[in-house]
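Just need the whole structure built from these sequences, with the hints factored in.
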Amino acid sequence: MSMRTEPFVVNVGPQHPSTHGVFRLRLTLDGEKIVDAEMVMGYLHRSMEKLAEGRTYTQNIPFTDRLDYLSAMSNNLAYCMAVEKLMGIEVPERGQFLRVIMAEFQRIANHAMAIGSFAMECGVWFTPLMWMFRDREKILDLFEMTCGARLTTNYVRIGGVSFDIPPEFMPAARALVKELPERIAEYEALLLENEIILARSRDVGVLPPDLAIAASTSGPMLRGSGVMWDVRKADPYAVYDRLDFDIPVGTRGDCYDRFLVRMEELRQSVRILEQALEMLPGGPASVEMPLALRPPVGEAYARIEAPKGELGFYLVSDGSPHPQRFHIRSPSYINLTPLRDMLLGLTVPDAVITLGSIDIVLGEVDR
Amino acid sequence: MSRVLDGLEVGERISQRVPEAVVEATPQSVVVQAEKLVAVATYLRDDGELDLCFLIGVTAVDHFDHFEVVYHLQSLSHNHVMTLKTRALDYKSPEVPSLVSVWRGAELQEREVYDLMGIRFAGHPDLRRVFLWEGFPGHPLRKDWLEMPGGFNPGLGRFPRED
Numbered sequence: 001m002s003m004r005t006e007p008f009v010v011n012v013g014p015q016h017p018s019t020h021g022v023f024r025l026r027l028t029l030d031g032e033k034i035v036d037a038e039m040v041m042g043y044l045h046r047s048m049e050k051l052a053e054g055r056t057y058t059q060n061i062p063f064t065d066r067l068d069y070l071s072a073m074s075n076n077l078a079y080c081m082a083v084e085k086l087m088g089i090e091v092p093e094r095g096q097f098l099r100v101i102m103a104e105f106q107r108i109a110n111h112a113m114a115i116g117s118f119a120m121e122c123g124v125w126f127t128p129l130m131w132m133f134r135d136r137e138k139i140l141d142l143f144e145m146t147c148g149a150r151l152t153t154n155y156v157r158i159g160g161v162s163f164d165i166p167p168e169f170m171p172a173a174r175a176l177v178k179e180l181p182e183r184i185a186e187y188e189a190l191l192l193e194n195e196i197i198l199a200r201s202r203d204v205g206v207l208p209p210d211l212a213i214a215a216s217t218s219g220p221m222l223r224g225s226g227v228m229w230d231v232r233k234a235d236p237y238a239v240y241d242r243l244d245f246d247i248p249v250g251t252r253g254d255c256y257d258r259f260l261v262r263m264e265e266l267r268q269s270v271r272i273l274e275q276a277l278e279m280l281p282g283g284p285a286s287v288e289m290p291l292a293l294r295p296p297v298g299e300a301y302a303r304i305e306a307p308k309g310e311l312g313f314y315l316v317s318d319g320s321p322h323p324q325r326f327h328i329r330s331p332s333y334i335n336l337t338p339l340r341d342m343l344l345g346l347t348v349p350d351a352v353i354t355l356g357s358i359d360i361v362l363g364e365v366d367r
Numbered sequence: 001m002s003r004v005l006d007g008l009e010v011g012e013r014i015s016q017r018v019p020e021a022v023v024e025a026t027p028q029s030v031v032v033q034a035e036k037l038v039a040v041a042t043y044l045r046d047d048g049e050l051d052l053c054f055l056i057g058v059t060a061v062d063h064f065d066h067f068e069v070v071y072h073l074q075s076l077s078h079n080h081v082m083t084l085k086t087r088a089l090d091y092k093s094p095e096v097p098s099l100v101s102v103w104r105g106a107e108l109q110e111r112e113v114y115d116l117m118g119i120r121f122a123g124h125p126d127l128r129r130v131f132l133w134e135g136f137p138g139h140p141l142r143k144d145w146l147e148m149p150g151g152f153n154p155g156l157g158r159f160p161r162e163d
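From first to last, the protein sequence lines are chains D and Y.
In this text, residue positions in the first sequence follow this note's numbering: the first is 1, and each later residue adds one.
In this text, residue positions in the second sequence follow this note's numbering: the first is 1, and each later residue adds one.
Just so you know, these hints were derived from the structure itself, not from any lab.
Misleading hints may appear alongside valid ones.
As the list claims (entries may be wrong) - Mimicking DSSO-like on lysine-lysine, the simulated pairs with C-alpha atoms at most 27 Å apart in a straight line are:
#, chain 1, residue 1, chain 2, residue 2
1, D, K50, Y, K92
2, Y, K92, D, K85
3, Y, K143, D, K85
Quick look at the structure:
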């Protein structure tokens, strides 16, 4: 007996916890299988690139906090590097080390959030998320100690950082770095071979390596597909060329591999932090900058390996105090390019996990 | 460090393969004819020595009388980068060919450029607005989108206590 069926449209979001913000997916289903997926975004579009054209280079730093609001330090760093490249400014060594320390703490905080919410979506209810928040909290305490803010840090400045670290920072950071490996071992024991996570995410949302490269994905998404690519190694900025760390890669390119890559990056970030805290030199943390910045006519593209992928800023200067063009190459947005290919043939609960494993933040997708 | 390819040298190589494609070559970037863009991009991606298989980003710049579309390219195997540019000279209705057939990564980014800068990408499979809604008046990243204090450029154009 044959039955006539019709495709069925399911709307996910924009107000839905599993979309990590205000992102909307329009899924067309044939029975339980997804046969088409359409992304709808722009609910958080604040026209940052246009706003930035009306403000001075220094005034634009706080905007970058609001891009990927879970990793403000990395955003500050990428933007300031672009302005420094435009103007040819050299940052003192201590400033470079402080930037690396903050960026790596930020990576741990971001991945803690990503792994915790991924586990939630898989159905490992609440415990991992709360454990991850416990550690993230301590990192945010360090940020608060240094610059007074926990999320929108506005810490990295053109030519250095806004404040040198206070005396109580080093003992607290050393204690945390000493404690983190134990914590990560706990997470690994809880999550790595967790039956629920394996059953829900193994071979789900597979991204083949050739598509990952063609679709310009970056960060854990590219590495989860087995492509050994990390801007910190390939195009080292700050002092990453003097630090010793490994790049984890996946083998199958499924959601579980992306989760594994993030887990291992936690350990590698701790390794970087151990070395960077040990090597932190004395001296000034920033160079004196004039209040009125007028970069010469020209353009610059600077990029970093942000927790979510390659974050780049493309600035065009016409010699005035405002950028003529301020473009953000945001990893969250570009990592969504192959989403439809990954979703086809899956079911709706798998689509939630696949989206979660990309780790998007809508502040950065919509800008 | 990623080596920045010398634009003059790459320009030479492009001219040998795709004649009359290069408009301008500087050490930092290569500007090519919009009509030859797809051929040039395919050559850059497939050539063994260049192997620019990774499109870092697509963006556009408003130069008041024309638009410049900027492509940042990366080779994963040789670890070098280059900047490819093309110009849309018609300011009223700018159009350049789409590169989605060469690099899938251009798909969302070209939609973004179309949405905010209003450059049409001929041959794009799904050229719709992405952040703003259909029917939004104009394209906000253009310099002439709104009358701003101080003319074309929003802002003061100078610092308060300067002169």
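| task | Hints the structure violates: just list their numbers, smallest first. | result | 2
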